[in-house]
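Asks: For reference, the chains in residue letters:
2 protein chains.
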Amino acid sequence: MVKTRIGILGYGNLGRGVELACRQNDDLELVALFTRRDPASVHPLADSVTVYAADDLAAHADDVDVLVLCGGSANDLPEQTPACAQLFTVVDSFDTHANIPAHFAQVDAAAREGGQVAIISAGWDPGMFSLARLYAGCILPEGGDYTFWGRGVSQGHSDAIRRIPGVADARQYTVPVPEALEAVRSGQMPELSTRQKHTRECYVVAEEGADLAAIERAIVTMPNYFDEYDTTVTFISQEELDRDHAGIPHGGSVIRSGVTGEQGEHRHVVEYSLKLDSNPEFTGSVLAACARAAHRLAREGQTGCKTLFDIPPAYLSPRSAEDLRAHLL
Amino acid sequence: MVKTRIGILGYGNLGRGVELACRQNDDLELVALFTRRDPASVHPLADSVTVYAADDLAAHADDVDVLVLCGGSANDLPEQTPACAQLFTVVDSFDTHANIPAHFAQVDAAAREGGQVAIISAGWDPGMFSLARLYAGCILPEGGDYTFWGRGVSQGHSDAIRRIPGVADARQYTVPVPEALEAVRSGQMPELSTRQKHTRECYVVAEEGADLAAIERAIVTMPNYFDEYDTTVTFISQEELDRDHAGIPHGGSVIRSGVTGEQGEHRHVVEYSLKLDSNPEFTGSVLAACARAAHRLAREGQTGCKTLFDIPPAYLSPRSAEDLRAHLL
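So the protein sequences, as listed, match chains A and B. If you read the first sequence in the working numbering, its first letter stands for residue 1, the second for the next number, and so on. If you read the second sequence in the working numbering, its first letter stands for residue 330, the second for the next number, and so on.
Don't read these hints as lab results, they were simulated from the structure. Careful, some of the hints might be misleading.
[What the hints assert, rightly or not] A few chain A residues facing chain B, derived, Cβ under 10 Å:
#1 G17
#2 Q155
#3 V177
#4 Y225
#5 Y272
#6 G284
Where a beta carbon is used, it is the ideal one built from N, C-alpha and C, also for glycine.
Could you build all of it, start to finish, from the sequences and the hints given here?
Replies: Given below as structure tokens:
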């Protein structure tokens with residue numbers, strides 16, 4: 001068995017998810033955590049993992065086979081991934097869909113310059129959902145794609161609510177509209193507006209004496225985040241929020257509905273769906289599998305930026321090709 | 330755009346499905362049909378397709394880029410695929426799971442000897458279901474796999490009923506047990522016996538004067554096919570069978586349920602499901618996408634036998650890597 005020595009840059013929810021995933025895979029050995037906090041304040045689950053300052057990354061290029069970047073897509077990864085890809089085989093979960101081509105170009109240039117492999121946008125969307133869209137589209141070229149998210153917590157929307165004056169804390173759930181899901185699953189290929197596909201549920205803790213009506217109005221009219229959706233706002237206490245909304249569940253469905261036949265008389269519906277108790281732990285598990293694949297690509301001498309679209313599925317697995325053919329094919 | 334010239338060997342339901350799929354893809358050009366019947370008796374949809382005798386295959390090795398083998402797994406493919414892989418880039422849908430390793434070895438040896446690429450076991454199970462099992466297993470190593478088939482027509486079980494004395498015609502549906510599906514989808518990871526997962530519905534046309542009780546007994550006690558299932562037998566007229574059971578629908582779900590977290594406290598459920606109006610047309614569409622991938626592998630100079638596990642997903646698509654990243658990732 002080939003062992004892959006893993007380093008993690010950034011030890012928030014996602015970094016912790018990668019750490020937990022490494023514990024489930026005998027061939028993935030977490031050896032180093034890199035943090036921008038004081039290393040003495042960071043405590044990984046296993047004593048065998050050394051914590052370094054992020055500034056010392058370059059000194060440890062030979063200590064890890066794959067560096068998994070667990071920063072945010074808005075502020076961290078656009079700089080971190082290209083910088084690290086010059087020195088390390090890297091994997092990230094860059095998820096700002098509109099900026100993927102630009103991110104790819106920058107990471108690809110850096111990785112080629114450094115003779116490294118980089119895998120970007122690994123996770124579930126982008127990631128597993130993207131694969132579902134790609135495969136189904138190749139099989140059913142005449143059809144339509146539908147992606148539903150939820151029921152699950154949107155961190156970005158929760159943060160947007162927390163920035164409103166008078167809000168102490170908040171949790172936002174994205175919820176697919178059941179009738180829309182059913183219509184798509186039936187193969188009808190409906191045209192659906194943003195409002196028809198998802199609703200948004202907001203659980204808000206207000207500061208004492210805050211103007212609740214003003215908070216609600218600020219939420220439901222917020223451009224880009226809420227104005228195109230049917231949004232419900234429920235004010236609850238901090239205790240209720242902590243008790244009932246502490247988890248980070250998510251999920252959703254990618255559905256492709258298409259036709260075949262002489263006159264398109266046969267309908268087919270392909271659905272890939274996820275129900276996740278922990279968004280960051282599932283995403284971390286995808287990153288871990290991609291780290292294994294990245295190490296294999298690097299051992300083959302490949303360089304440059306890749307996505308899940310470019311990776312033979314077997315490369316994600318610790319099992320041999322023979323084993324996979326005999327037991328999973 | 331690279332054009333791929335397709336040949337089809339065997340023009341039954343599956344061959345017809347591949348033919349229809351080629352019409353949906355501008356880059357796939359069906360140029361030749363090879364048949365064991367009298368070529369004059371075979372009429373492809375387009376006049377531009379030439380029909381040849383299967384015996385003349387070798388003379389046309391330069392006329393097609395990929396030969397799609399549409400024979401049966403029991404009797405045709407074990408001989409056809411290795412024989413053809415010496416001369417052609419080939420794709421087949423070999424689906425006898427237990428014999429895949431042996432088939433792979435024979436096809437691999439033949440393809441390497443001929444300097445060709447072969448893709449075997451393309452379809453939905455094996456095929457898309459196998460990919461679903463592989464990906465989900467890589468992400469959630471601590472978990473369980475469940476595959477449900479149906480509601481759909483099993484050709485093999487229908488044939489088995491037709492071989493019973495007194496049976497004129499029959500159609501068998503494999504049906505998942507709803508309670509079992511729900512239990513798995515909830516993340517419970519139940520242990521399920523064969524009987525608990527699927528039921529079998531048989532619609533039988535009896536010959537005049539046949540002993541219906543004897544036929545029913547012969548069906549429900551038939552080893553391997555029915556004895557381990559709860560089976561219902563309904564006798565109907567030939568008219569009813571032709572009217573209500575003419576289609577070849579199928580589908581099913583691959584579900585992986587697994588846990589992450591410090592103590593496995595977070596459950597995740599990954600489901601890939603298909604609802605297909607036409608089993609052979611969907612399978613034919615998978616074969617067509619794999620033919621595109623096979624041609625690309627061949628152009629790269631690769632040789633030997635591959636499965637969907639070995640193929641970068643983007644190779645199945647006619648779209649460029651840039652286009653896929655910008656619009657599907």
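Asks: Checking against the hints above, which ones are violated?
Replies: 2, 3 and 4
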